[in-house]
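Protein chains in written order, with the numbering used here: chain R, 249 to 396; chain Z, 32 to 154.
No lab work stands behind these hints: they were computed from the structure. Hints are supplied without guarantee of correctness; some may be wrong.
List of simulated lysine to aspartate or glutamate pairs, EDC-like, C-alpha gap at most 16 angstroms [as the list claims (entries may be wrong)]:
#  : chain 1 : residue 1 : chain 2 : residue 2
1  : Z       : K53       : Z       : E140
2  : Z       : K45       : R       : E324
3  : Z       : K147      : Z       : E122
4  : R       : K293      : R       : E383
5  : Z       : K45       : R       : D331
6  : R       : K293      : R       : D280
7  : Z       : K153      : Z       : D143
8  : R       : K273      : R       : E378
9  : R       : K264      : R       : D280
10 : Z       : K73       : Z       : E63
11 : Z       : K45       : R       : E332
12 : Z       : K45       : R       : E329
If the Cβ cut is set under 7 angstroms, some of the chain Z residues that face chain R in the computed set are [said to hold, decoys possible]:
#  : residue
13 : S40
14 : A41
15 : K45
16 : T114
17 : G116
18 : G127
19 : K135
20 : P136
21 : H139
These stretches of chain R come out as covered by chain Z in the derived footprint (C-beta under 8 angstroms, 3 or more residues) [stated by the list, open to error]:
#  : region
22 : 262-269
23 : 284-291
24 : 344-351
All C-beta atoms in this analysis are idealised placements derived from N, C-alpha and C, irrespective of residue type, glycine included.
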Amino acid sequence: MKADVAPAKLNEIAEKVWSMVLGLKLSPVACDPARTEARAFVLGKITISGNWTGSVTLGCTPTLARDAAAAMFGKEPGETEPDEIRDALGELTNMVGGNFKTLLKGECRLSVPNVMGTVPYGEVVPPPREHLWFECAGGVVILSVLEE
Amino acid sequence: MNVLVVDDSAAMRKIIISALGKTELRGARTIEAATGKEGLDKFLDGNFGVILSDWNMPEMDGIEFVTRVRKVDRRVKIIMITTEGTMGKLESALDGGVDEYVVKPFTHETLDRKIKKVLGVKA
């Protein structure tokens with residue numbers, strides 16, 4: 249079955265998570281592969297199985313991922329460890345994926361999030377152009393829902 | 032009072048503990064656990080008034096953790112902190128022994144309201 253969730257609803261979820269957890273504003277923007285800061289993304293993925301099966305992928309440009317981890321751990325950005333960046337992005341993915349799941353009809357189960365580390369632009373799956381794009385604090389956030 | 036915070040995300044534990052400082056439980060001693068199993072071990076070794084537990088954790092999830100706690104303790108107050116916002120899921124958590132739930136992301140005001148509710152403190 250189709251997830252039947254409007255992109256506007258996904259925007260709303262991402263903006264709510266960013267605002268409430270990080271105190272940062274996400275602004276939807278058009279996909280722009282030419283942006284120099286968007287050459288790589290720290291990617292988190294969470295899968296949903298059951299009445300609807302698929303995945304939610306959340307990516308942040310590396311500096312923004314570091315800044316998000318710093319905000320969540322209450323540290324200066326330069327003090328964050330790679331494990332903390334992975335942990336923070338995993339939890340953000342969990343929140344976005346979990347809130348998306350509540351919009352689905354029927355019984356579905358959420359996996360634990362998996363963070364893939366920093367992935368070059370050309371290796372992001374699904375491709376970045378298939379994601380929703382957001383601008384935030386000088387970085388880029390990408391979000392996609394992929395039905396399997 | 033001792034408070035046990037169980038979440039596989041260190042970032043989330045940090046956020047929960049920071050939020051606790053703005054709630055009825057400010058000043059409480061907080062103990063962290065990164066897995067349901069570690070949480071159970073620490074619970075059995077300690078004397079806790081409140082548990083705040085994640086639901087979606089690897090190996091032992093929050094519901095199994097709560098079920099195991101409830102086999103030995105019916106009095107400790109348990110608040111599930113979860114992204115599981117659907118009524119069916121939340122009702123199953125309450126049936127499984129959870130006293131209250133908070134849906135992530137949350138504000139410290141929401142957490143405080145739920146803590147006061149389980150502790151029977153007037154808001």
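For this session: Starting from the hint list further up, note which numbers the structure goes against and sort them upward.
Result: 3, 4, 6, 8, 9, 18, 21 and 23
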